[in-house]
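Take the sequences, apply the hints, and build the full model.
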Amino acid sequence: MKVAFFPGCVSKGACPELYVSTHKVAEALGIELHELTEAPCTGAGVLSEQNPALADSLNGLTLAMAEKLGADLMTICSTCQGVLSNHNYQLTHKPERMERANAVLSEQGFTYKGTTKVKHLLWILVEDIGLDKIRSLVKRKLTGLKIAPFYGCYILRPEEYLGLREKPERKNYLEQIISIIGGEPVEYHGKSKCCGFPMVTMNRDAALTMGGNHIMEAKSKGADLLVTPCPLCHLNLDAQQPDAARVMRQPIDVPIFHLPQLLGLAFGYSPEELRLDHHVVPTAKALEKVELKV
Amino acid sequence: MHVKMVVGRYAPDRKLDGELGAPYPPPYSDKPRKTYQTFEIDLHDEAMVLDGLIHIREYVDESLVVRCSCRCAICGSCAMWINGHAKLACTTKMKDVLENGTVRVESPPSMMPVRDLVWDMGPFMQKMRSVKPWLEGKPVSPDEEYRVPNEAMDELVQEVSCISCGACLMDCESYAVNDKFLGPHALARAYRYANDPRDSMQQERLKEYSDPNGVWDCTHCYECVHVCPKGVAPLEQILKIRQMSVAAGYTNNAGTRHALAFAESVRGSGRLNELTLMPKSLGLFNIKAQLQSLPSAFNLLRAGKLPPIIHHKIPGVTRVKAIFKKVGGPLT
Chain A
3 MKVAFFPGCV
13 SKGACPELYV
23 STHKVAEALG
33 IELHELTEAP
43 CTGAGVLSEQ
53 NPALADSLNG
63 LTLAMAEKLG
73 ADLMTICSTC
83 QGVLSNHNYQ
93 LTHKPERMER
103 ANAVLSEQGF
113 TYKGTTKVKH
123 LLWILVEDIG
133 LDKIRSLVKR
143 KLTGLKIAPF
153 YGCYILRPEE
163 YLGLREKPER
173 KNYLEQIISI
183 IGGEPVEYHG
193 KSKCCGFPMV
203 TMNRDAALTM
213 GGNHIMEAKS
223 KGADLLVTPC
233 PLCHLNLDAQ
243 QPDAARVMRQ
253 PIDVPIFHLP
263 QLLGLAFGYS
273 PEELRLDHHV
283 VPTAKALEKV
293 ELKV
Chain B
11 MHVKMVVGRY
21 APDRKLDGEL
31 GAPYPPPYSD
41 KPRKTYQTFE
51 IDLHDEAMVL
61 DGLIHIREYV
71 DESLVVRCSC
81 RCAICGSCAM
91 WINGHAKLAC
101 TTKMKDVLEN
111 GTVRVESPPS
121 MMPVRDLVWD
131 MGPFMQKMRS
141 VKPWLEGKPV
151 SPDEEYRVPN
161 EAMDELVQEV
171 SCISCGACLM
181 DCESYAVNDK
191 FLGPHALARA
201 YRYANDPRDS
211 MQQERLKEYS
221 DPNGVWDCTH
231 CYECVHVCPK
241 GVAPLEQILK
251 IRQMSVAAGY
261 TNNAGTRHAL
271 AFAESVRGSG
281 RLNELTLMPK
291 SLGLFNIKAQ
301 LQSLPSAFNL
311 LRAGKLPPII
321 HHKIPGVTRV
331 KAIFKKVGGP
341 LT
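Line by line, the protein sequences are chains A and B.
Each step along the first sequence adds one to the number in this note's numbering, with nothing skipped, and position 240 is 242.
Each step along the second sequence adds one to the number in this note's numbering, with nothing skipped, and position 169 is 179.
Hints are not guaranteed to be accurate.
Here are the simulated BS3-like pairs of lysine-lysine, each with C-alpha atoms no more than 25 Å apart in a straight line [unchecked claim]:
| id | chain 1 | residue 1 | chain 2 | residue 2 |
| --- | --- | --- | --- | --- |
| 1 | A | K173 | B | K41 |
| 2 | B | K290 | A | K14 |
| 3 | B | K290 | A | K70 |
| 4 | A | K169 | B | K240 |
| 5 | B | K323 | A | K14 |
| 6 | B | K41 | A | K221 |
| 7 | B | K335 | A | K96 |
| 8 | B | K103 | A | K70 |
| 9 | B | K105 | A | K169 |
| 10 | A | K173 | B | K240 |
| 11 | B | K323 | A | K70 |
| 12 | A | K115 | B | K335 |
Derived by calculation from the structure, the hints in this document are not laboratory data.
Structure (structure tokens):
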């Protein structure tokens with residue numbers, strides 16, 4: 003299938019391993035990635051809260067680009083997904099906002115009609131590719147690995163913008179994928195909670211404790227690793243994990259995988275190809291459980 | 011309908027049979043653990059969770075303590091954790107929350123337990139009081155009553171639906187790690203008064219809420235919007251205070267600096283510059299905070315994850331600049 007690919011700033015910045023592993027997995031699954039290289043940042047909600055008209059126009063531009071391409075818009079970041087879903091909802095449900103955005107976009111040679119569907123890779127995997135196809139591509143079962151899903155807020159809330167009222171099963175896709183590739187999903191309260199990233203500059207200790215608490219809860223339930231569809235969660239849970247451990251005065255030491263890295267492992271790619279050697283928290287201990295080294 | 015209700019009970023003066031729960035997280039880690047008891051009962055198919063609890067109290071164990079009154083989402087007494095999420099027991103249908111015929115009901119770990127399903131509303135009410143939830147009249151009263159245009163009320167009615175049940179605070183992620191945070195309910199109420207044309211304290215209010223533990227300490231997780239049984243959407247009210255306080259010039263805080271740096275980066279390059287966002291948000295002269303952020307920058311560098319030193323613009327950046335200019339308003 004062909005998708006308009008919206009990689010988001012972080013996969014092209016501090017989380018290049020997400021960008022690389024997405025391409026590997028897409029190749030294996032036959033997802034044709036048409037990257038929207040001229041699409042702007044969503045504003046991550048920061049622009050939306052201060053200037054909704056500006057965020058409507060910037061995100062309307064991205065939605066119009068996908069519409070022109072005639073493909074679903076694929077994100078690989080819960081935050082990008084949340085913001086684009088939010089603005090797509092507002093534009094398609096409130097004619098005055100659509101009109102206002104199009105008045106801006108028309109000067110740039112674009113008009114958004116309102117037909118684009120915004121889908122996170124996670125949703126595409128289950129809804130468009132299908133679990134059977136994924137199962138057929140598994141070359142290396144991750145048997146013995148206890149994997150804790152960590153969704154990130156903006157792929158779960160608000161439910162009406164994300165289509166979760168119509169498709170409540172979207173709240174369990176990570177568990178379904180973990181099971182299909184041979185892992186054991188870890189059930190814990192924190193999986194649908196906040197990683198703390200949005201307030202890390204406002205209240206650092208609270209933000210780090212927030213993320214740290216969720217990792218420690220998963221660890222207490224036996225998790226070898228966490229997997230997340232959001233690179234911002236990844237940054238707070240992986241890159242900031244040593245700092246979180248300092249603030250909480252206890253070791254944490256749980257690696258955080260991006261969704262396509264986990265899937266890529268099951269598809270037989272090497273840890274290096276998926277850049278699992280480019281994490282702040284070493285992935286070696288978890289990989290040893292499936293007899294892999296980095 | 012045959013139902014298994016697992017009820018988290020708290021009664022420090024009694025020995026209860028059942029499964030011992032996890033220790034309370036801070037700040038209540040000194041409290042005894044809850045005991046989970048399972049009750050198997052029969053209810054009619056449309057029964058609410060509260061019907062089940064009342065059934066237990068009336069027919070199985072009269073010592074069970076439940077707080078309830080109106081049974082129709084008006085009094086706000088019966089907010090509790092149902093399967094780990096804040097809900098009103100009176101408006102939650104049992105059949106909607108059963109998992110393999112079982113439902114788990116308890117007081118939330120973020121609130122001080124009093125007895126069984128009753129938790130202490132003290133901190134909730136204290137936060138509500140602290141935002142001065144009343145109108146401070148204008149210094150000079152008009153000759154007749156204050157006339158308020160209908161449109162001025164449109165924005166405020168959403169919060170007026172609040173029944174002070176505590177659902178938003180009990181599942182608030184920021185409150186869970188910082189009990190000084192004013193909380194979604196109090197900030198939503200604060201917005202209701204700060205944006206009322208009859209109030210004379212707007213500036214003082216906006217200043218106070220943009221200080222630490224105010225609107226910028228909200229982590230924007232939408233949990234309060236999700237759990238509120240009355241559609242108050244506290245986060246949306248918090249975001250409106252953020253807009254108002256930035257517009258009013260209360261900008262000497264990390265939240266505003268973060269928003270300004272974010273906008274500047276997107277306007278200039280079409281994308282986020284992660285390398286400069288953090289230092290600019292912390293405040294370039296905030297030496298302590300800058301030093302604190304250094305180890306994580308070093309960790310990123312060591313893992314080969316530090317964003318490129320030269321920040322690249324996206325190919326369509328002129329379009330983005332034109333949109334900023336055309337739309338105008340805050341952050342442009």
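Structure-based check of each hint:
1. A/K173 - B/K41: 33 Å, violated
2. B/K290 - A/K14: 20 Å, holds
3. B/K290 - A/K70: 37 Å, violated
4. A/K169 - B/K240: OK: A/K169 and B/K240 at ~23 Å, within 25 Å.
5. B/K323 - A/K14: 12 Å, holds
6. B/K41 - A/K221: 24 Å, holds
7. B/K335 - A/K96: Given that 25 Å is the threshold and the Cα spacing comes to 23 Å, the pair holds.
8. B/K103 - A/K70: The hint is violated at about 45 Å.
9. B/K105 - A/K169: 19 Å, holds
10. A/K173 - B/K240: 23 Å, holds
11. B/K323 - A/K70: Holds, at about 23 Å.
12. A/K115 - B/K335: 23 Å, holds
Checked against the numbered hints above, the structure breaks hints 1, 3 and 8 and satisfies the rest.
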